[in-house]
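J.: From first to last, the protein sequence lines stand for chains E and R.
Going by the working numbering, the first residue of the first sequence is number 489, and it counts up by one from there.
Going by the working numbering, the first residue of the second sequence is number 489, and it counts up by one from there.
A portion of the hints provided could be inaccurate.
Chain R regions said to be covered by chain E (calculated; three or more residues, Cβ under 8 Å) [claimed, not checked]: (1) 674-685; (2) 705-715; (3) 788-795.
Cβ-Cβ distance ranges computed for the label pairs, FRET-style [claimed, not checked]: (4) E:A614 <-> R:A513: 55 to 63 Å; (5) R:A513 <-> E:H562: 55 to 63 Å; (6) E:E519 <-> R:D650: 47 to 55 Å; (7) R:A561 <-> E:D685: 36 to 44 Å; (8) R:T658 <-> E:G760: 24 to 32 Å; (9) E:P609 <-> R:G782: 21 to 29 Å; (10) E:K545 <-> R:A603: 48 to 56 Å; (11) E:A768 <-> R:P609: 30 to 38 Å.
Which residues of chain R face chain E? A partial, calculated answer using Cβ under 8 Å [unchecked claim]: (12) A748; (13) Y754; (14) L759.
Honestly, the hints are just simulated from the structure, not real lab data.
The model shown is predicted, which means the values in this text are computed figures rather than measured ones.
Just so you know, even glycine gets a beta-carbon here, dropped at the ideal spot from N, CA and C.
Next come the chains, spelled out residue by residue.
There are 2 protein chains.
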Amino acid sequence: MSKSYPTKIEIREVGPREGFQSFHAVVSTSEKLKLIDALARAGLKEIEVTSFVRPDKVPQLADAEALVNALPAHAEVRYTALYLNQTGFKRAEAAPAIKNRAWLYASPSKTFLKANNNTTPEEALARVAEWCELFNDHGKDVHGLMVSNAFGCAYEGPIATDVVVKLVNTYQAELARNKQTLREVCLADTVGMGNPDSVEHIVTALAPLKIPISLHLHDTRGLGLVNAYAGLRSGVTIFESSVGGIGGCPFTPGASGNIATEDLVYMCHALGIQTGIDLASLAKAAHVAQSIMGCALPGRVYKTFSQSS
Amino acid sequence: MSKSYPTKIEIREVGPREGFQSFHAVVSTSEKLKLIDALARAGLKEIEVTSFVRPDKVPQLADAEALVNALPAHAEVRYTALYLNQTGFKRAEAAPAIKNRAWLYASPSKTFLKANNNTTPEEALARVAEWCELFNDHGKDVHGLMVSNAFGCAYEGPIATDVVVKLVNTYQAELARNKQTLREVCLADTVGMGNPDSVEHIVTALAPLKIPISLHLHDTRGLGLVNAYAGLRSGVTIFESSVGGIGGCPFTPGASGNIATEDLVYMCHALGIQTGIDLASLAKAAHVAQSIMGCALPGRVYKTFSQSS
Chain E
489 MSKSYPTKIE IREVGPREGF QSFHAVVSTS EKLKLIDALA RAGLKEIEVT SFVRPDKVPQ
549 LADAEALVNA LPAHAEVRYT ALYLNQTGFK RAEAAPAIKN RAWLYASPSK TFLKANNNTT
609 PEEALARVAE WCELFNDHGK DVHGLMVSNA FGCAYEGPIA TDVVVKLVNT YQAELARNKQ
669 TLREVCLADT VGMGNPDSVE HIVTALAPLK IPISLHLHDT RGLGLVNAYA GLRSGVTIFE
729 SSVGGIGGCP FTPGASGNIA TEDLVYMCHA LGIQTGIDLA SLAKAAHVAQ SIMGCALPGR
789 VYKTFSQSS
Chain R
489 MSKSYPTKIE IREVGPREGF QSFHAVVSTS EKLKLIDALA RAGLKEIEVT SFVRPDKVPQ
549 LADAEALVNA LPAHAEVRYT ALYLNQTGFK RAEAAPAIKN RAWLYASPSK TFLKANNNTT
609 PEEALARVAE WCELFNDHGK DVHGLMVSNA FGCAYEGPIA TDVVVKLVNT YQAELARNKQ
669 TLREVCLADT VGMGNPDSVE HIVTALAPLK IPISLHLHDT RGLGLVNAYA GLRSGVTIFE
729 SSVGGIGGCP FTPGASGNIA TEDLVYMCHA LGIQTGIDLA SLAKAAHVAQ SIMGCALPGR
789 VYKTFSQSS
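Next comes chain E alone, as it looks inside the complex (with noise of 0.2 Å):
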């Protein structure tokens, strides 16, 4: 049985975008603040903070201004905020304290775009263009691809690596029509359908690319981390996920959230990858995130340090 792990991996926490965008409840910006700032010092060099949407669509959201202008200041954390649209990637840029990179955003499922997006796969390829000039209006070159239900997809069932492959292809052909390229290509299990043959499969696939693949894992049936671990074998070594595996909806059966970041930093450290995160301090930040959601978390790890370690 052959292994090479990564030395080191990057991860970039979504866990408060992700877990309060789908809570019940609306938790307060001095809240959010505190989880964020927890999750800062236990060393996350990347945290998305929220997403800019519609304050009328998504009220759990509808503090994202006020949010990003009350960051706390951590010099060596890059802050990220989601845009769907436009609208939402001009409020991201208006605000100084957020760093986004340039991702296209793309699904191989028909059913999800139409759902999601109110859009067809030949209207949000034909975008591609605008999006680039939009881009360059704000100084950035595209940095990469965000690929949705990359694994599978409520409505159309599992996703063959193929489509998704093709997908890629074509929007690096129409990137290039840009002067564009891609720089990355993250797959994100929208929900819980991969496994580690299918991981190693896509990530193998992509290798041509020679750029970094990433992965963003919910865990909706369980693979959550063994789909990390099959990544890491394949030589992933960058990772999306959520302190507390926040996300979905933790109140709501079958909708489920993100890997837990601080289960994944677990598994990395008992591997020997560094992730340059303290888990004890990361730990502390789920027992932040449990207070502030009133319940126990997925995340597993967490719950043997104790509240106050």
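Fit chain R to the given chain E structure using the hints.
T.: Chain R in isolation, oriented as in the chain E frame:
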């Protein structure tokens, strides 16, 4: 990355014993029977239904005799019951429905042995002859050795592979003196301190025994299913797990149950490994367990099946 999974695995279900023994409330015998029946109908071929312990010490299992005398008839199912001492073994043998194999129990942790069994490693070893005689009185040869804390211990921290290998060899030698031999070694990660590397390491180290090495994995630190995956890659074909991931205490931070049977089954099926279990029926059993315990269980995949499915 070479890989070869087993074609099929055996799963021993320990949920009714693990889950109810550590549950804060006493569950009625009829509710326990309902869960056991649902598990048998899902295709589980071996179910540990209770433990013969002192009713005053573990009131949750005070109905052991009543339960084993009312077990639903499923010709293909082997019902077993845990015993911690010779009185418990005899009570189990007195029950016609219980078909226990002759297991010896050991632990590489001196502190655990003292705290849990009030014995020393030397005293425990000295009792092997007595156990062999008792097994013999009931027409049984020794089946296997169950090693608690095979990866680590709440008292002593991580346990080195060498220590476990030495323990197994010592028992093997003592059994040889009694004209017995081990036919299985079950490694229990009692407090979830294993990781994929230590699983691979210990399974490989025990390979010269040329007997099945089985795994009983707790998910205390989130690596339960990752460790099961590492086990599959190392050729392990027997796993113990709990429906819904029950065990430990779902209400006590830090205590945690086994890997969830249905998550293990889901993973195996996704990797093309046969289990003989119907996942939808097993998810139904997990919903029965959830309804008995009155809260969402740690298992993930059952929540993607509707309660009535």
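J.: Work down the list of hints and note, for each, if the structure agrees.
T.: Do the hints match the structure? See the list:
no., hint, in the structure
1, 674-685, "holds (count 4)"
2, 705-715, "holds (count 7)"
3, 788-795, "holds (count 4)"
4, E:A614 <-> R:A513: 55 to 63 Å, "holds, 60 Å"
5, R:A513 <-> E:H562: 55 to 63 Å, "violated, 46 Å"
6, E:E519 <-> R:D650: 47 to 55 Å, "holds, 48 Å"
7, R:A561 <-> E:D685: 36 to 44 Å, "holds, 39 Å"
8, R:T658 <-> E:G760: 24 to 32 Å, "holds, 30 Å"
9, E:P609 <-> R:G782: 21 to 29 Å, "violated, 45 Å"
10, E:K545 <-> R:A603: 48 to 56 Å, "holds, 55 Å"
11, E:A768 <-> R:P609: 30 to 38 Å, "holds, 32 Å"
12, A748, "holds, 6 Å"
13, Y754, "holds, 6 Å"
14, L759, "holds, 6 Å"
Hint violations for this structure: numbers 5 and 9, all remaining hints satisfied.
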